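Student: Residues per chain are reported as follows:
Protein chains: 2
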Amino acid sequence: MTLRIDATHDAALRSWVDSANPAASDFPIQNLPFGIFRRRGGPDAPHGGIAIGDRILDLPACLAAGLFTGLAVQAAGACGETSLNALLTLGRGCWSDLRRQASGLLREGDTRIRLHADWETRLLLPMGDAELFLPAAIGDYTDFYASVFHATNVGGLFRPDQPLLPNYKHLPIGYHGRASSIVVSGTPVRRPSGQSKADDAPDPVFGPSKVLDYEVEAGFLVGPGNRLGEPIAIGDAEDHLFGMCLLNDWSARDIQKWEYQPLGPFLAKSFATSLSPWVVTLDALEPYRVPAFARPGGDPAVLPHLDQAAQARRAGLNATFELFLSTPKMRENGTAPFRLSRANSRDLYWTPGQMLAHHASNGCNLRPGDLLGSGTLSGPAKENEGCLLELNRGGKEPISLPDGETRRFLLDGDEVILKGYCEAEGFARIGLGECRGLILPALAPAAAAAGKIPRGPA
Amino acid sequence: MTLRIDATHDAALRSWVDSANPAASDFPIQNLPFGIFRRRGGPDAPHGGIAIGDRILDLPACLAAGLFTGLAVQAAGACGETSLNALLTLGRGCWSDLRRQASGLLREGDTRIRLHADWETRLLLPMGDAELFLPAAIGDYTDFYASVFHATNVGGLFRPDQPLLPNYKHLPIGYHGRASSIVVSGTPVRRPSGQSKADDAPDPVFGPSKVLDYEVEAGFLVGPGNRLGEPIAIGDAEDHLFGMCLLNDWSARDIQKWEYQPLGPFLAKSFATSLSPWVVTLDALEPYRVPAFARPGGDPAVLPHLDQAAQARRAGLNATFELFLSTPKMRENGTAPFRLSRANSRDLYWTPGQMLAHHASNGCNLRPGDLLGSGTLSGPAKENEGCLLELNRGGKEPISLPDGETRRFLLDGDEVILKGYCEAEGFARIGLGECRGLILPALAPAAAAAGKIPRGPA
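Sequence order for the protein chains is A and B.
Using numbering that gives the first Met the number 0, the first residue of the first sequence is number 0, and each one after it goes up by one.
Using numbering that gives the first Met the number 0, the first residue of the second sequence is number 0, and each one after it goes up by one.
In isolation and in its complexed conformation, chain A is listed as follows (with noise of 0.2 Å):
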C-alpha cells in the first residue's frame, strides 16, 4: 500500500492566511484539523469548524455561503451539528473531499472567501473569539496499553516479579474507560477523593488521592462504525479511523493500586480525561506514516487478524508528544513550562489498526465518535516516559524543576500542557495543538459528604 500523499500536503503551498505560517502554527494549510466551536457569547449552537492558523473556517457557513461542491455539500452539510458524529458517519471519502476543498478556498491567491464582506466574522472567525468543545459525542471510551516502555515500566512498579505479562506481546490490552468524564481542554480537573491503603497500614482510609498522575496518550477518534457481531478486517481498519487527538488520561495512582484487582482501573481514572478541541485526520498525517515498530527479535509473530504485512511501510505513525508542567511558582515568576516527557507513537508496540481491529475482533460494534487511547506513550529513553510514576520511578525519585522546585506528583495549582506534532523530511510541520488541565484542590470533606446534587439535568 503507498502512502497517499497529494496536493494537500505540498511542503510549498501556503495560505493566504498570514497566520497559517507552519513555523509558527500547528496549523498550516497541510494540516486542516476538525472540531466543534462556537463563537463566545454568540446566539449559535457549536458547530463544526477546521482550523487553519489563528482562525476557524466555520464549515456550515461556507456551505451557507455556496462554497462547496460534491461530496464536500454532504460533509460540510453534517457539521452543523453539536458533535462531529454525522460526520465522521459518512466515512473517509466525504471527510477526504471537504478537506481538500477547504484547502483549494485557503490556499494562496484563492480569493473566494474574501469576496463575502463579512468573511472575518462569519466564515472564518479569529479562534480566540471561539469556544470549543469536545469534537465527539463519545458513545465509548476504550483505553489501550500499547507502549512496551510503559508497560514494562509501570507494571514493573505494580508487579516487580513480573512487570510484562504474558499476553501482551499476543495482543493489545485493553479496557473499557469512562465516557462522561471526558472534557475538553482547558476544562480544570478536580482532584479526586478516593480509598486508597499505605502498605503499612492495616486498613484504607477514604480522602483526597495523594499522587495524582497525568498520562501522556494519543486518541483516535472513530468514523463509521461496524455492526455488532462483525469483526472488521485488519486490511480495513484504518477506513473506521477519522483521525488523532492528544489525551491525558489522569490519573489517581494511589486510588488505583488499591482498587485494579481484579477487575482493572476503575475510580483512579474515572474523575476525568482530557482531550484536545482539533483533530487532526488520518488523511493529513499521510506523509508521517512510517513502519510499525520493530518488534525485538524472538518476540511472538502476530496472529493473523492482527498481521499488518500488507500496510508494513505506513502501519506506524511518527508523532513527537511532548508534556509541559506550569507550577504556581513558576507562572508567578513569567518561568516558561517545563517539559517533563516527550515521547513518540512511532515506539507503540500496537499500531491504531492493530488496536481497531482487535477490539471489533469479538464482533464488538464501534461507532461513529467513539474515542480509541493508545495508553501512555513512552519510549525507550528515560526522557520518552510518559506519566510521573514513570519518571519518578513510583515517587522515589524526585524530578527537579526550574526555580528550584521539586515534584512527585502533582499539586493543586499545577497546569499540565500536552502538545504534539509531526514532521518529516520534505513535508512540512503540522501539529496538533494542546490540551490543558489546572488541578483544582480536591473538595473539602464536608462537602464531598454533603454531595451537593443537582436535581435537574447534569
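Heads up, a few of these hints could be off.
For chains that are exact copies, the list does not tell them apart, and a pair is met inside one copy or across any two.
Stated by the list, open to error - Heads up, simulated DSSO-like pairs for lysine-lysine below, C-alpha to C-alpha not over 30 Å straight-line:
id: 1; residue 1: Lys168; residue 2: Lys209
id: 2; residue 1: Lys256; residue 2: Lys168
id: 3; residue 1: Lys328; residue 2: Lys168
id: 4; residue 1: Lys196; residue 2: Lys256
id: 5; residue 1: Lys196; residue 2: Lys381
It is worth saying that the hints were derived from the structure and are not from the lab.
It should be emphasised that the depicted structure is a prediction, and the values quoted were computed from it without experimental measurement.
Using the hints provided, position chain B relative to the given structure of chain A.
Tutor: Leaving out everything else, chain B in the frame of chain A:
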C-alpha cells in the same frame, strides 16, 4: 427511614385489565414498569409505555387524551422520546406521580381509558403487537462485582491461592463495561471469536470461544445525574436510581482468562450484554426492601462515604433471579426450560446505593440512563450460583439436563432465559419480566476475516 408504601402497593388492589392478575402476570397493577415500545410495523417512533398484564399503556397517547394532570403531564411528555432518558432526568417526584396516576387509570372500576372508543388500539395496546426496545440510551455501563459468593467462587478458580482480594470488603469493586453492545432481550447473541491460550499450549490461538457463559445480574438504571467533580452522598444515592432490570452479562471465559490481566475483562464481555425491556421502578420495589446483607463478624466496618446506617432497614432488596436453559433438543422434545441458577439480590455484599455512591465518590459524573450492573448474583448455596463457571467448577463438573443432555458451557442454539420476581408477606408478587438470548454460531473464519464492513451508519 421508613418504607414509602402507598395505595399503589395495596395487595388488594385489582386492575380492570383482566390479564393483570398477580397470580398469573409479572405486571399486576402493583408493578407498572416503564419501557420503550412501538406498534410492530406501525408508523410511530419508539416511545414510552407502562406494562400492565399483557398490555402496554401508551403514555404519550394517554397524555394526548388528557388523562394526566400535574407533574405527570411533564413526565408523560418526556416519554415521547425514543428512550426513557428525558423521563429519568426529571427525578423521582415526576416518575412517582406518573406511576400513581397510571395506577388510578388502571384500577378496577376506573372507566376513563375505556371512554375512548379506540382505547384498545391507541391507549392500551396488546404487548404481543409491540416491538420492545432498550429502555434507555445508555451512556456508560458499569459492572460491579457485588456478590461476595461469586467473587469467592470465581476468584478461587482464577487465583486459587487468594480467591478474595484484600480490597473486596472495603469497597464495591467495579469496572467500566461496553455500552454499545448492550441489546434488548430477544436479540440473538453471536458466539464471539477471540484469542485464548490453553494452559498447556505454548502460544494462544484465535477462534470461536469454547467457553461461553451467562451471568445473572441485576441492572440498575440511573435517574438524575451529578455534576463532574461533585460526589453523591450515600444518603442521597437512591434519589439517583430509577429502577431495576434483568441483565445477562455474557462472558467468554477462555478469552477472559487470557486477556484480563492487568487491566480487567475487555473482549470477553464486550460482544453482547442483554437487558430486559421493562424497568421496575424503585417505587414499585418499596415493599421488598430489606436490610443490607449482614456482614459476618470480623469483616471490616465500611468507611463513612459508604455507611448506610441511616438506611439500614431498607438498604437491601429482596428480589429473586432465576435463569433457565432451553437447548435445541429440549425444544424439539417439548421439554420446559430447565432452571440452572436461582439467586437473590439480598445476598449482595454491597447495596445498589453503595455502588452508586462509591461510583461518584471521586467526582465521576453519572448521567441519566447510565446502567449499573450488580455483577453475577450468587448466594451461599450451590443452586444460587449465577453462572456456569461456578456451577460446573471451572468446567470440571458437567451439569445434567433433562432428556439426558449435559452442559459445561453454552452451545450454539441454546437459549438462556433470565426471569425475576419480588415477594413479600402482605404484598402482591411483582415480576421483572424476562431477558432472553439465543446463541448463534460464530461467524465462519472466512467471513470473520473478510470483516463485512457497513460503510454507512451502523
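Student: Which of the listed hints are broken here?
Tutor: 3
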